[in-house]
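Asker: Spelled out, the chains give:
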Amino acid sequence: MTTGAVTAAASRHGVLGVVADYVRLTKPRIISLLLLTTLLAMIVADRGWPDGWLVLWTMVGGAMAAGGANAINQVVDRDIDARMARTAARPVVAGRISAPHALGFGLLLGAASVLVLGLGADWLAAGLALLGFALYVLLYTLWLKRSTTQNIVIGGAAGAVPPLVGWAAVTGDLQLGAILMFAVIFYWTPPHFWALSLLLRRDYAQAGVPMLPVVRGTDATARQVLLWTVVLVGVSLLPSAAGVVGAFYLVAALVLGAVFVALAVRLARRPDEHRARAVFSWSMLYLALLFVAMAVDAAIIR
Amino acid sequence: MLAVVGWYVLLAAVLLIAAPVALIARGEWAAAGSARAAALERLWVLLPIAFLVVLVVLVARVA
Numbered sequence: 001m002t003t004g005a006v007t008a009a010a011s012r013h014g015v016l017g018v019v020a021d022y023v024r025l026t027k028p029r030i031i032s033l034l035l036l037t038t039l040l041a042m043i044v045a046d047r048g049w050p051d052g053w054l055v056l057w058t059m060v061g062g063a064m065a066a067g068g069a070n071a072i073n074q075v076v077d078r079d080i081d082a083r084m085a086r087t088a089a090r091p092v093v094a095g096r097i098s099a100p101h102a103l104g105f106g107l108l109l110g111a112a113s114v115l116v117l118g119l120g121a122d123w124l125a126a127g128l129a130l131l132g133f134a135l136y137v138l139l140y141t142l143w144l145k146r147s148t149t150q151n152i153v154i155g156g157a158a159g160a161v162p163p164l165v166g167w168a169a170v171t172g173d174l175q176l177g178a179i180l181m182f183a184v185i186f187y188w189t190p191p192h193f194w195a196l197s198l199l200l201r202r203d204y205a206q207a208g209v210p211m212l213p214v215v216r217g218t219d220a221t222a223r224q225v226l227l228w229t230v231v232l233v234g235v236s237l238l239p240s241a242a243g244v245v246g247a248f249y250l251v252a253a254l255v256l257g258a259v260f261v262a263l264a265v266r267l268a269r270r271p272d273e274h275r276a277r278a279v280f281s282w283s284m285l286y287l288a289l290l291f292v293a294m295a296v297d298a299a300i301i302r
Numbered sequence: 001m002l003a004v005v006g007w008y009v010l011l012a013a014v015l016l017i018a019a020p021v022a023l024i025a026r027g028e029w030a031a032a033g034s035a036r037a038a039a040l041e042r043l044w045v046l047l048p049i050a051f052l053v054v055l056v057v058l059v060a061r062v063a
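These protein sequence lines map, in sequence, to chains A and B.
Those letters in the first sequence? Residues 1 to 302, by my numbering.
Those letters in the second sequence? Residues 1 to 63, by my numbering.
Because the hints were derived from the structure by calculation, they are not lab data.
All figures in this text were calculated on a predicted structure; none of them were measured in a lab.
Don't take every hint at face value.
[To be verified] Derived list of chain B stretches under chain A, where covered just means 3 residues or more per stretch with a C-beta under 8 Å from a C-beta of chain A:
#, region
1, 5 to 17
2, 43 to 50
3, 57 to 63
[Stated by the list, open to error] To be clear about the criterion: a stretch of chain A counts as covered by chain B if any three or more of its residues have a C-beta under 8 Å from a C-beta of chain B, and this derived list gives those stretches:
#, region
4, 168 to 181
5, 193 to 201
6, 237 to 244
[Stated by the list, open to error] Partial list, computed: chain A residues near chain B (C-beta under 7 Å):
#, residue
7, T148
8, P210
9, L227
10, V230
11, V233
12, L256
Ideal placement from N, C-alpha and C gives every residue a C-beta, glycine not left out.
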């Protein structure tokens with residue numbers, strides 16, 4: 001679609017529609033979980049509620065970095081998105097925002113995020129946000145997504161950066177607690193995304209994306225979900241072993257992890273969409289509750 | 001007392017991690033095949049496993 005046609009489509013859509021499309025370009029629902037992990041890492045690092053302005057600038061900067069990376073992802077992946085029912089209505093694919101405009105918007109957000117985080121929080125936090133931006137765009141989107149079934153395992157590092165940003169914003173440093181929070185999200189990513197990809201495997205096959213269920217099939221993917229879930233539960237115990245958090249978190253990690261493993265076992269026994277959806281839904285709640293437990297333990301109980 | 005608990009928790013974590021990682025490594029190593037891309041595929045499998053080893057060592061130093 002030409003720029004003129006895009007402008008005509010946008011004017012028909014109205015200003016509010018254009019704004020809504022630019023917001024959609026940032027994938028706000030994904031950003032909300034990333035920001036939650038950032039905020040809770042700040043609380044763990046501070047052992048309490050950090051300065052309000054610091055929280056504000058870190059959240060704004062973090063949202064801009066993630067939003068910018070997501071916008072560029074939608075430019076690069078527009079050929080894939082056009083072939084998948086779930087993503088066919090995205091602003092760039094549908095021609096409501098031109099690819100150059102979306103790319104410029106993404107780069108602008110990424111650059112602005114570095115300034116906001118550097119000036120408002122800490123330059124290490126800014127550098128880490130830029131690292132997450134680069135990992136998502138260059139490593140995951142441009143390289144791994146189209147080339148290997150391990151795409152979301154390695155690419156998961158990008159989504160695990162937000163707690164590092166939050167921790168660095170508070171302390172100006174990275175300690176073991178930050179690395180363990182990064183690790184929890186890193187090892188949470190495979191079971192989370194492979195459960196989702198079981199639900200979307202026909203879409204991914206149609207788009208030619210080598211997601212695990214497309215290449216190896218449903219049974220093998222369900223087995224991998226179970227194996228990585230057990231690894232995740234083991235990793236989730238490490239913050240307690242290191243003394244970063246205490247007994248409250250340990251009990252929460254065991255209970256939440258037991259539910260996750262039970263759902264993954266059920267999926268591995270008979271993989272179907274209903275069971276994959278249960279694992280996917282629980283995985284999001286699991287991560288949020290695990291990080292809340294960590295923050296409560298570090299800030300209130302200890 | 002806390003240190004002793006830390007070691008037990010670390011042991012539990014290692015036991016939970018070791019068995020599935022061994023299965024993942026064995027399966028993915030075989031699945032990588034012998035094509036030209038196999039070396040890269042194996043690197044992608046090894047990276048998260050190597051990171052687990054680093055994590056356990058780091059925690060063991062403070063537990």
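Asker: For this structure, which hints from the list above don't hold up?
Answerer: 5, 8 and 12
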